[in-house]
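A.B. asks: Listed below, chain by chain, are the residues.
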Amino acid sequence: MESEKYRKFLKQQSEKNPVKIEGSLVGERFRISWEDERDRSTLNSSSNLLDSLYLGKDMQETVVVDRKAAAMLQERLRGLEEENIRVRKRIRLMKFAMGALLVALALVSLAFLNANYLQIQLMP
Amino acid sequence: MSLQNKVKDLEREINSRFVGNEEAIRMMILNQLHPRSTTLIRAPRGVGKSTLMLLVLKGICGEGLVVVSGASEVKRGEVVGRLHIPSLEKEGVERVLWAAFVKSRGKALDEVNRLNPYTTANIHHLMQFGEVWAYGNKAKVEDYVLVANENPMDATSFIHPPPFYDRFDVCLYLRSLTLSEKFRLQDLLEKFDWNLFETMPQVFPFDELGEARKEVAQVELDPNLAGYVNLLVRDFQACIRDKEESEIKPPALCEGCHFIRDICGRIKEPLSERATVTLMHLVKATRWLYGTCEFEDILRIALWVLPHRLTLVRTRNILNDLQDLLERERVKIADRDIRRQWPLLNELMKDFNRPIYRLARDAAVEDVAFAEELTKLEGKWVREGILKQDETLSVQMGWQRPGYQGALF
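So the sequences go chain by chain: D and B.
Those letters in the first sequence? Residues 1 to 124, per the numbering used here, in order.
Those letters in the second sequence? Residues 1 to 409, per the numbering used here, in order.
In short, the hints are calculated from the structure, not lab data.
All values reported here derive from a predicted model rather than from experimental measurement.
C-beta atoms are modelled at their ideal positions from N, C-alpha and C, and glycine is treated no differently.
There's no promise every hint is true.
To be verified - Here chain D is said to cover these stretches of chain B; the calculated rule only asks that three of the stretch's residues, wherever they fall, bring their Cβ under 8 Å from a Cβ of chain D: (1) 219 to 226; (2) 343 to 351; (3) 355 to 365.
Generate the whole structure from the sequences, applying the supplied hints.
C.D. replies: Shown next as structure tokens:
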């Protein structure tokens, strides 16, 4: 035998967080949904971080990110980090290449100058 | 002046003589608002345990308070009673002269940790049954205010049994003073001529406290608040592997358990039902004194009701660890709201419905307290032939409530 207060607690909780049951519970054709008026009012302005990023909507005071969106952002951050590392490697390589090219250019210039000098010397 | 205002006056008067620790004082005042209230103050030496204890008792009982100190040699006669020798010699009758501690309204126990086990046992009996025994005579103890203090770090401590500490409604921890607070204390000491206790007036006499206690007892609790209190205590007790009766305790018991990351996995010795009783008293007192009590208030109160009642798997700082667990409880309650599990249970209690039952099962695998209620309903449906035993959550998840041949213990 359940306590009357326990039943009242369950009833009050049901009123506070209602479950919407559409159709008859007796039959097989009915739908259960969570959404209530309180949820719906918060849906008008987006608290979703992705909506704010991609659709330019204003964020609420508290930003709610569901697990999928958080995983997506995590994945994107990871990709950007990898991209960052790859680009930095490429920049370093390019710096070496530029250095080597400069050295090569300097050597070629020197050789060219020496050749001109010799040519000048050889000429009577 | 209303009784509520008088209680607030008492709090103000104590705050005007005691620096810092406002939350502990607030809780101490709230805890006086039910019959036979018992308060334990825990703090290192020199933080003001005895001062706070005496201020509260003097503010209520005036000069009618008796202090038993664990630091001095305490004999049974001083705590319970002694034999009246002339009656024994002349009439051959064992008459007992009951100690002032038994008769007084205000009972103070200074340094409980140093109190000898025999005295502690007598006080334990007094708190448990509201009576004392000596030489075959019994004395009923009238309503009282009992405040005790201890420094558990003291090397000369006796280790008292956990049930003794469980009899204390709340356990208040005091902290040392910050720099600015030290200056404030010096100002106060000069203002009150270096005697905070002697100058403390009797702000709220015991008779008026009795009236307030009666009013608080009549406060009707909202089923939601009662539900939150019961849920909180159950979350700190529940174990799908029945740790209360198990020889193996967490964390070893939790190996491989589905709920290993839940609150239950952090608690070695669970709460007693006294925690519920005390929480209910304090919630009623909050409603009576401030006119409102929310779930947040219950969490705030719980911080002082739980620390001396449970053993955690790992304790670094009991108050911080408890705050962490209470924060988890807040999230758990919000999760329950999101999953709509109580409305689902409400529907199922009216009648069995398979799609709702399926949703309830999904919620149950995330919540021990809910799983217990659902498995109880499953048992009923199995007995009524609505559900097969093999289909039940308890069978499929291997969770069993202790019982024999269908009869639950």
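A.B. asks: Mind listing which of the numbered hints don't hold for this structure, in increasing order?
C.D. replies: Violated: none.
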